[in-house]
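K.L.:
Chains as they are written, first to last, in this note's numbering: chain A, 1 to 357; chain B, 358 to 714; chain C, 715 to 1071; chain D, 1072 to 1428.
Please keep in mind that the hints were generated in silico from the structure rather than gathered at the bench. Some hints could be false.
[As the list claims (entries may be wrong)] With a straight-line Cα cutoff of 16 Å, these simulated EDC-like cross-link-like pairs (lysine to aspartate or glutamate) come out:
#, chain 1, residue 1, chain 2, residue 2
1, D, Lys1333, D, Asp1254
2, C, Lys914, A, Glu201
3, B, Lys403, B, Asp431
4, A, Lys262, A, Glu175
5, B, Lys557, D, Glu1272
6, D, Lys1117, B, Glu558
7, B, Lys619, B, Glu537
8, D, Lys1117, D, Asp1145
9, C, Lys760, C, Asp788
10, D, Lys1271, B, Glu558
11, A, Lys262, A, Asp182
12, C, Lys976, C, Asp896
13, B, Lys403, D, Glu1272
14, A, Lys46, C, Glu915
15, D, Lys1333, D, Glu1251
16, C, Lys976, C, Glu894
17, D, Lys1333, D, Glu1246
18, A, Lys200, C, Glu915
19, B, Lys619, B, Asp540
20, B, Lys619, B, Glu532
21, C, Lys976, C, Glu915
22, C, Lys760, A, Glu201
23, D, Lys1333, D, Asp1253
24, C, Lys976, C, Glu889
Just so we're clear, the structure is a prediction, and the values are computed from it rather than from any experiment.
There are 4 protein chains.
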Amino acid sequence: MTTSSPSANRVRVAVVGASGYTGAELVRLLVEHSAADIVAMTADRKAGQDFGAVFPHLAGAARAHALPPLQPVDAVDWQAVDVAFFGLPHGAAQPLAASMPSHVRMIDLSPDFRFTDPAVYAEWYGQPHAAPQMQEQAVYGLTEWSRDRIRNARLVGCPGCYPTASLLPLLPVVEGGLIEADDIVIDAKSGVSGAGRAAKEASLFTEVAEGVHAYGVASHRHAPEIEEQVSSVAGRPVLLNFTPHLMPMNRGIFASIYVRLKGGASADDLRARLAARYADEPFVRVLEPGVLPATRHVRGSNHNLIAVFADRVPGRAILLSVIDNLVKGASGQAIQNMNVACQLPETTGLTQQPLFP
Amino acid sequence: MTTSSPSANRVRVAVVGASGYTGAELVRLLVEHSAADIVAMTADRKAGQDFGAVFPHLAGAARAHALPPLQPVDAVDWQAVDVAFFGLPHGAAQPLAASMPSHVRMIDLSPDFRFTDPAVYAEWYGQPHAAPQMQEQAVYGLTEWSRDRIRNARLVGCPGCYPTASLLPLLPVVEGGLIEADDIVIDAKSGVSGAGRAAKEASLFTEVAEGVHAYGVASHRHAPEIEEQVSSVAGRPVLLNFTPHLMPMNRGIFASIYVRLKGGASADDLRARLAARYADEPFVRVLEPGVLPATRHVRGSNHNLIAVFADRVPGRAILLSVIDNLVKGASGQAIQNMNVACQLPETTGLTQQPLFP
Amino acid sequence: MTTSSPSANRVRVAVVGASGYTGAELVRLLVEHSAADIVAMTADRKAGQDFGAVFPHLAGAARAHALPPLQPVDAVDWQAVDVAFFGLPHGAAQPLAASMPSHVRMIDLSPDFRFTDPAVYAEWYGQPHAAPQMQEQAVYGLTEWSRDRIRNARLVGCPGCYPTASLLPLLPVVEGGLIEADDIVIDAKSGVSGAGRAAKEASLFTEVAEGVHAYGVASHRHAPEIEEQVSSVAGRPVLLNFTPHLMPMNRGIFASIYVRLKGGASADDLRARLAARYADEPFVRVLEPGVLPATRHVRGSNHNLIAVFADRVPGRAILLSVIDNLVKGASGQAIQNMNVACQLPETTGLTQQPLFP
Amino acid sequence: MTTSSPSANRVRVAVVGASGYTGAELVRLLVEHSAADIVAMTADRKAGQDFGAVFPHLAGAARAHALPPLQPVDAVDWQAVDVAFFGLPHGAAQPLAASMPSHVRMIDLSPDFRFTDPAVYAEWYGQPHAAPQMQEQAVYGLTEWSRDRIRNARLVGCPGCYPTASLLPLLPVVEGGLIEADDIVIDAKSGVSGAGRAAKEASLFTEVAEGVHAYGVASHRHAPEIEEQVSSVAGRPVLLNFTPHLMPMNRGIFASIYVRLKGGASADDLRARLAARYADEPFVRVLEPGVLPATRHVRGSNHNLIAVFADRVPGRAILLSVIDNLVKGASGQAIQNMNVACQLPETTGLTQQPLFP
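Use the sequences and the hints to build the structure in full.
P.N.:
This is the structure:
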């Protein structure tokens, strides 16, 4: 038995939406977190089911750590909760956030609070934003870029998985004026867990294994999210190409980003800028020249690896970026944000090494 | 027993390099070919071994069709051969081609005769071309683009797998002046069989499964091959970005090609041009607007599917192209070329439907 | 266009349930069949959809062969149909068979007509048999064991995939009295396509990839099916162990069968018996001593490979058997049965070699 | 920087053979171990290479924890080492163990010290045992069965991966006389990482993906290892069937064990015995009736899950057992043994939850 009693010094956590993959990943990481305790877990259709039956890989943890049962969200005693993670489908976190007691910090993994402009949300998600006043308080939770604001935030809207993989390499070089912000092509490759646990024909093993394909071409909802952040550092509205592809693997995002250099910058300049920007970051590593990243090098970890290559076309460069979509792209970054928000060491609970092979 | 005796009307075929994957694929297709007979098969290290032991999936075919044994290449009786396929590592086909009796037509699957300019070969393959006089006679075997020249060719240099997937969508729109030839980004994703059957650490299951990565960034040998062909239709030297990625799957290439439109052209114009260009082609199909290709839709077949999408960045478009790297990207196209060269119906032996799931 | 007009000499085929994987596989094989034409295809929920959209890998075939649309089953003109394949969920073929005009031969791929004893069906499928009078006419379609009866059959109940893989090696050695029928352990491993195309959480890529598990332990519906056939050749009721396992692959069944030898028989005796029994069979091959089968050696083909090994425990032996569950385990065997029933050469349309890698 | 200085209270560890998968897995786990420090790492061919280049997934750890370089084994300063792990090919650990200074505890992951009887080693590994005097001191490191002896052991011979998965369920029920020791069939399924990182054709992605096969039938070296241990608790020599199969996945072993019940025992009796035997074990969990284990439920963890099912054949039962072959089947169990030998809490460094999906 390794259960620890919640105490004043520990963070009491609710995992709202614990029956999805991001919820399970939060639980996997939080049970080993040295300063947090899961005090509530919720589910919708699966409320009342045994968590160890819903996620058998965590059945042992559920017993050893005496995890709470899966309840409906309205059964949670919020007075006993310090931090709430929302692992919900889009639209669901907005009313919930609006109704949350003021002492509860919220870390939202859904797209509900990612857009500064609620109109963009409404346009891309097909429904008006239900809590625009909350949106005003929300901080976009790309930790390495909003750490200071997260420290006091009541509500963090965690980035999507593709935006995380794309923005970490892009923001410094756009900010530094090293590339043309209007000539960015992001060709991204993702594992299937990004599609969640919903039973859809398109996510069947037989429909995915032994093949690759693009989807959401020129129409994926992560495009405007990336654009809003790039625009913010560029200082003007930017449109870019973002084309996601589905890979026959569980986890991982590989973003290949094709850029045009600006003002005489070279690929080495880009690498130097990135290396300097992230020199003190525990989870971001800029690779030496010639070293190639792979998604399997970050599997199961909160790491991001970035490489820069000169293109053979003069004046162009290639940025390569990898993350585990469920960790740095979702639950790991969410915990990183919780650590920041709760003034804990930022790497707490996130020091696992990647699992390979 | 379905063995057929070679006769004056049938094509007598030698598969040189039958112990590699492209060799095996030639055998798989040729045993069902209604107008060709395999009369010789060669191997290097595996000469003398039972073909059914080298490729157990073809052991039944070896028996049913009384396939010849794996011999060293110098044991072949070339007088009994009409067509020789070369499934060899680079460098090996050049001396062989130079020494071949004049009645033998040669279909080379290696890179040895793909470059009009032997100096480009020398630069990228690290050794001088050993048969430049043969190179002059060689036809680049992208069937849909050199059918007329293949008809009388003694030597066909079949395109690489990536070039096949890239050139089929690109050539018509460059030729038509619909895109900027100097602003082409090809992000290509390939299955592992493209790496051949050599026992290399990088091709181990454990090193490939559950992950993706880029390789040969800005330095892959298929880049100059694609460039030479694009330059040819552009009418001037073109450099382009070509970035290959390795996928955890056996077969298939997915090429995502990002282009800048020219002279007011739209994505619809590109699609119309492609559809017109390939309307009568049996193996190339241009998809309706909005339909997405996938490598699994062509697995095991000689098909190429092409889709065109408008980018959300004004003035840009996206071409998507899929093939099976071992069929249309290698052995299938080689047989297609043999059919053309031998005045057989072009689809003979190539009508199998894709295998899915 | 390779469409052929139906004629008196050709078999006019209806594929009932063409939107499932076995239906697609029937279409894949039948479009290349030299003596059959698909004249009707039906679907339930997907009736009215474009077949090329439902199965994009066959979109080219649908156009080239002018395949009929997906209609509801009651829209079929049975007067224009000679043979109907039923690729339906259990229970659905029974009323359909009962209502079918007498000139239509029926090849059922569902479990509806596999059991001689309707009570066994009722017990294992949880509902009374709806057409016991049809069951009396039905022939169990393990082609190699009931060829003579299939020749005149109006209704063939094709074996399940696991029973096909298990019975081909078992029946000859039980019949020959070489093994103890009461001491048989069948450990079977299957690809995911055996679960069909239904959108179920358990069949998601993420739930299947990178792992294996047993299911239906001691309770799978294929156990009584295997037992009924083994009992039939043993001449008395037999119970046996059958344990299926799900593999992270699309296609293939590997059956490892552990048996106790009887009356002084050896593993060599088993192999000899099997080799003699199947010497003239086009699709069954008994491997030489020491040669190991693999599912990838039969992928996409109608082949069955069988190997026999002596166990290191005296008096025991091991039978290994592989098939492609969608071909010999379903649609290929169904076409093999159609060929027999229609007095066509048995291998017509089934000569494709396996696809590897 | 999270490097900790070695101190008198911490265990100073050498990883001999750090360039293989079990070596990498030792490093992955040991860098997070709260009471051990890696002070030396050795390699053979890869000595001198950067560890982060050999295993890029650990490049970050190598820097953060200031891991030592890969040196040849004879360059290690053994005076600075408390515990040596041997992750070596068979044969290599014997001379090394014989030459090791007496203060160094040795945890051998190779087969060199697994057999009580050196003659069995000699017979199965094709060479005489080179250090039989060391073998006498060696303890077979199936932790749950030899904890007391490991506590004082200088040399622990860790079990093979298949034996670990097989013995944990088998030993209690054989010891309890609940099953016939002479009628055991072990059908085992393993991921590819069990074959190590050697570049072999048989381990290529293309040779393994999308297929399964048996290997080493009735001749695998883990058979005598399992037999020796089962014989030991049975009190007499036992032979058993052990048939390994290769699965298209990286990690995991699934052992399906078919047994005959003895003396009126039932499957429930087996489960009760196992549950009682392992009630206090932190890494072994006996599942509730009807619950099915899967290798993905233990991926990356040191867990073993065991399930028991009644067979439908009277008097028989089925044991199902899963582990991660690289963790509980190799490096995790090795660290568990180190913890025991060094009087550390047994779960130190081994509390990671499984990674799913």
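K.L.:
Next step is simple, just say for each hint if it's right about the structure.
P.N.:
Hints, verified against the model:
no.	hint	result
1	D:Lys1333 x D:Asp1254	holds (10 Å)
2	C:Lys914 x A:Glu201	holds (8 Å)
3	B:Lys403 x B:Asp431	holds (14 Å)
4	A:Lys262 x A:Glu175	holds (12 Å)
5	B:Lys557 x D:Glu1272	holds (8 Å)
6	D:Lys1117 x B:Glu558	holds (13 Å)
7	B:Lys619 x B:Glu537	holds (6 Å)
8	D:Lys1117 x D:Asp1145	holds (14 Å)
9	C:Lys760 x C:Asp788	holds (14 Å)
10	D:Lys1271 x B:Glu558	holds (8 Å)
11	A:Lys262 x A:Asp182	holds (11 Å)
12	C:Lys976 x C:Asp896	holds (11 Å)
13	B:Lys403 x D:Glu1272	holds (13 Å)
14	A:Lys46 x C:Glu915	holds (13 Å)
15	D:Lys1333 x D:Glu1251	holds (6 Å)
16	C:Lys976 x C:Glu894	holds (6 Å)
17	D:Lys1333 x D:Glu1246	holds (12 Å)
18	A:Lys200 x C:Glu915	holds (8 Å)
19	B:Lys619 x B:Asp540	holds (10 Å)
20	B:Lys619 x B:Glu532	holds (12 Å)
21	C:Lys976 x C:Glu915	violated (45 Å)
22	C:Lys760 x A:Glu201	holds (13 Å)
23	D:Lys1333 x D:Asp1253	holds (11 Å)
24	C:Lys976 x C:Glu889	holds (12 Å)
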